[in-house]
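A.B. asks: Below are the chains, spelled out letter by letter.
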Amino acid sequence: MLDDADDKPCALSRRGFLGGASAAGAALPLVAEAATKPRTGRSVAAPDARAPAQVTLRVNGTDHPLSLDTRTTLLDALREKVGLTGSKKGCDHGQCGACTVHVDGKRVLSCLTLAVMVADKPVTTIEGLARPDGRLHPMQQAFIDRDAFQCGYCTPGQIMSAIACINEGHAKTHSDIREYMSGNLCRCAAYPNIVAAVKQARDVKEG
Amino acid sequence: MGFALHEAKTLAEATMLARDLGPDAMFIAGGTDLIIQINRRVNTPRDVIDLSRIAGLSGISHAGGVFRIGALTKHKTVETYPAFGFGTPYAGLREAARVVGGHQIRNQGTVGGNLANASPAADLIPPLLALDAELDLVGPSGTRTLPLNAFFLGPRRSVRAHDEIITEVRFRDLPPLSAIAFLKAGRRKAMEISIISVAARLTLEADGRCRDARIALGAAAPTPIRAREAEALLEGGVPDEGVVAMSARAALTSVSPIDDVRASSEYRRLLVAALVPRALKICIDRIKSARS
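Top to bottom, those sequences are chains Z and E. Mapping of the first sequence onto numbering that gives the first Met the number 0: position 163 corresponds to residue 162, and the numbering continues sequentially without gaps. Mapping of the second sequence onto numbering that gives the first Met the number 0: position 252 corresponds to residue 251, and the numbering continues sequentially without gaps.
Check each hint, because a few of them may be wrong.
Said to hold, decoys possible - Under the rule of at most 20 Å between Cα atoms (straight-line distance), these lysine to any residue pairs were calculated in the SDA-like manner: (1) E/Lys188 with Z/Ser66; (2) Z/Lys88 with E/Ser51; (3) E/Lys188 with Z/Ala188; (4) Z/Lys105 with E/Arg39; (5) E/Lys75 with Z/Asp175; (6) Z/Lys120 with E/Glu78; (7) Z/Lys105 with E/Arg40; (8) E/Lys75 with Z/Ser181; (9) Z/Lys171 with E/Glu78; (10) E/Lys188 with Z/Lys120; (11) Z/Lys120 with E/Ser51; (12) E/Lys75 with Z/Val102; (13) E/Lys75 with Z/Gln140; (14) Z/Lys88 with E/Asp49; (15) E/Lys75 with Z/Asn166.
Keep in mind the hints are simulated off the structure, nothing from the lab.
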């Protein structure tokens, strides 16, 4: 665990937290601005490394102003600060895919992304897929219909990768799906059903 | 303790910042290596300089008989670059780019970062060595160009000074009747660190003799290396089965692999002996099929 300057446990309910966060967003100065101000070589004094960075993460369409230790990964920021625990911490070093999210529409590993480096980029997590009325994304529905998991721990990452896989145009064939889903491990080995789910969601999308 | 993050908008700004902040400052681009090192406290930089927003360092271009790969180019871009596709002489580059981490990592990690990290097992390095690539380093006092094979000093050590930035790696077009191939051995196909990797490149004469041979090995020594004895054996003769086998044995004289959790030194040597002829054979087949 990083020694965050602001290490309050996330005890709020998600709904309550999101409401509070967006209200705070209106009151606080736009902290991301300071970080993007152009600096010119020598004239810039280095900010104090001990001070937390003030960043606003845009997650699933909502702005979250956060005070973060600069070392905080996007995964830790999402789980520990924003309170979105759908993205999972499997290996925490880029070998499992459980933490996959979309940044700027591309699938990336949130455990290998510094939160402070994506402050101005839209982030989509598993929580941002369902419609406001609760209707699931076709890929989420396909994973349920096809029984594409056992323990479910890798599932959020699998689903985020699967959506990217279709968006990238790599879900045309069985072997394509297997290859382009290879950045996500499933220790329960639900792979055949995951491939079936990707095919189902692809056909829903095309149909 | 955290670090102070500095966003550089230009190369000059980044190198000046690095010079002024001193050797405790580190550059970050994709972050896929550095973040792990920071998490494990292998590196505890006081300052981190973000290069990812510097314009003009991303993308691949081909002009005047030279391919230029900008340092901020993502592995995914190399993997999907049409001129490196299967069926082209450069397919070995795609073969290497498509086994760097998983798909998500390839959307993040950069070519410059892969070189600067200087891992002996880095997948892109052997094919770039086999293509006689050179790179540009830009520092506060100017630019220097060096051949890639003069860049690496040891595991994660290179000749790059702390305030120098790799800006591009480039190589010349291959002559006709050339091909490059890349093979990697690991415990599984995807998301695996190489136990051994081999890049081979052959250029043949019209009569079938070998004009030029390159064999580059990853994870076989403290740095990615060229197997020069093996190359010399191939050049000038017809690369038939006997010559290829001799060359594979000669490649073993260049290697000094380690024992680690992934494989024993002995197993790595067996892999070199098995993969070098296989990679050469793929080159020969590719040249033949392009010819017919």
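A.B. asks: It remains to establish, for every hint, whether it holds in the given structure.
C.D. replies: Evaluated hints:
1. E/Lys188 with Z/Ser66: violated (40 Å)
2. Z/Lys88 with E/Ser51: Since the Cα atoms of Z/Lys88 and E/Ser51 sit roughly 25 Å apart, the hinted pair is violated (cutoff 20 Å).
3. E/Lys188 with Z/Ala188: Judged against 20 Å, a Cα distance of about 16 Å means the pair holds.
4. Z/Lys105 with E/Arg39: Violated. Z/Lys105 to E/Arg39 sits at ~27 Å, over the 20 Å cutoff.
5. E/Lys75 with Z/Asp175: Holds, at about 16 Å.
6. Z/Lys120 with E/Glu78: Violated. Z/Lys120 to E/Glu78 sits at ~24 Å, over the 20 Å cutoff.
7. Z/Lys105 with E/Arg40: Between Z/Lys105 and E/Arg40 the Cα gap is close to 29 Å, so the pair fails against 20 Å, i.e. violated.
8. E/Lys75 with Z/Ser181: Given pair E/Lys75, Z/Ser181 holds - Cα atoms ~14 Å apart, limit 20 Å.
9. Z/Lys171 with E/Glu78: Holds. Z/Lys171 to E/Glu78 sits at ~18 Å (cutoff 20 Å).
10. E/Lys188 with Z/Lys120: violated (32 Å)
11. Z/Lys120 with E/Ser51: holds (13 Å)
12. E/Lys75 with Z/Val102: holds (15 Å)
13. E/Lys75 with Z/Gln140: violated (29 Å)
14. Z/Lys88 with E/Asp49: It is violated: about 25 Å lies between the C-alpha atoms, which goes past 20 Å.
15. E/Lys75 with Z/Asn166: holds (15 Å)
In the structure shown, a violation is registered for the earlier hints numbered 1, 2, 4, 6, 7, 10, 13 and 14, in ascending order.
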